[in-house]
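There are 2 protein chains.
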Amino acid sequence: VLDATLELLAEGGHPALSFEAIAQRAGVNRTTLYRRWGTREAVMLDALLEQGRERVPIPDTGSLHGDLVAYGEAIAKSLVTPETEALVRAVVSSRDAPLADASRRFWRTRLELAREMVEHAIARREVPPDTDADALLEALLGGIYFRLLMSREEIDGDFVRRLADLLSAPPARLKGRRRAAS
Amino acid sequence: VLDATLELLAEGGHPALSFEAIAQRAGVNRTTLYRRWGTREAVMLDALLEQGRERVPIPDTGSLHGDLVAYGEAIAKSLVTPETEALVRAVVSSRDAPLADASRRFWRTRLELAREMVEHAIARREVPPDTDADALLEALLGGIYFRLLMSREEIDGDFVRRLADLLSAPPARLKGRRRAAS
Chain F
1 VLDATLELLA EGGHPALSFE AIAQRAGVNR TTLYRRWGTR EAVMLDALLE QGRERVPIPD
61 TGSLHGDLVA YGEAIAKSLV TPETEALVRA VVSSRDAPLA DASRRFWRTR LELAREMVEH
121 AIARREVPPD TDADALLEAL LGGIYFRLLM SREEIDGDFV RRLADLLSAP PARLKGRRRA
181 AS
Chain E
1001 VLDATLELLA EGGHPALSFE AIAQRAGVNR TTLYRRWGTR EAVMLDALLE QGRERVPIPD
1061 TGSLHGDLVA YGEAIAKSLV TPETEALVRA VVSSRDAPLA DASRRFWRTR LELAREMVEH
1121 AIARREVPPD TDADALLEAL LGGIYFRLLM SREEIDGDFV RRLADLLSAP PARLKGRRRA
1181 AS
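Just so you know, the sequences run in chain order F and E.
So in this note's numbering, the last spot in the first sequence is 182, and the numbers never skip.
So in this note's numbering, the last spot in the second sequence is 1182, and the numbers never skip.
Hints are not guaranteed to be accurate.
Distance windows between CB atoms, simulated [to be verified]:
#1 F:T31 / E:I1058: 50 to 58 Å
#2 E:R1036 / F:N29: 24 to 32 Å
#3 F:E20 / E:L1079: 31 to 39 Å
#4 F:Y34 / E:P1129: 37 to 45 Å
No wet-lab data here; the hints were simulated from the structure.
We treat Cβ as the ideally placed atom computed from N, Cα and C, and that holds for glycine.
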């Protein structure tokens, strides 16, 4: 089912995807899909999650700042495609319970994978061992999605870098870096 | 028009609000409203912004951490009402241009007001003078809205405090505070 969903997404995108098309391609009963997922967006999230496990690389640039910039820019880049934006807006607008569950699964897995960047920074003694990796990643992702969904401001490289500055370095070190750069 | 919108919102909430009802209450032509705002959500955002200018207090607890916790908790609390949540989901799901403009105005003004918390912290020499107030506030608000809209995780006081920990203090100080608390 998930493979069929990914194939159909690649072929026609989010608007073309229906339970009927997925059921036909996967050779399963439409009712089975409906019972398991409830909405087509929930199937899509699970399919994208499965794909992401294999394909979304977690950056390893040698510094937390570099990793956060690379990761944030990859997310920002994925959001400018009309298809992803349409999927995101469809998912966030819904209060459907199976879709909320699929969102929760999706982000729990994505955050767990992304935590590696903070773990590497801890191993390099770049940040203290008790650094709150989840809060840090939710603030980074949150800042990006806040502009997409709430404030409708541009998500450019400069904004991602400013979030990474803030989240990867204490103010004192930040100050030094800015002076060195100017 | 904005007063009429606020009155109607207070009486019946978001679902009950129509251009027709606003036009009638405000004594203006429906077409005028439509031409100026395009969607009922855009009128609501402008009305809430006008109200917020007077009523949403920016906390002044004496520390940046305390201010961020108080501010974040007030936002989180406002989002648990079904009315606000319905309005947020309706706004974020739309690609309507006048609504996007209203969202941009709304958040530019809200962020400008909230910047005061960081300015106070700079004046107290709690954080360096070049602290990126906008990135900090977008990360705080973003983290909260990320849970509401994307990851569907609970937005409790603990989560708000963790974001405030991360954004108000360099890791070294954080460590000290956590040890003292445990």
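Task: Hints not upheld, ascending by number - done: Violated hints (numbers, rising): 2, 4; every other hint is consistent with the structure.
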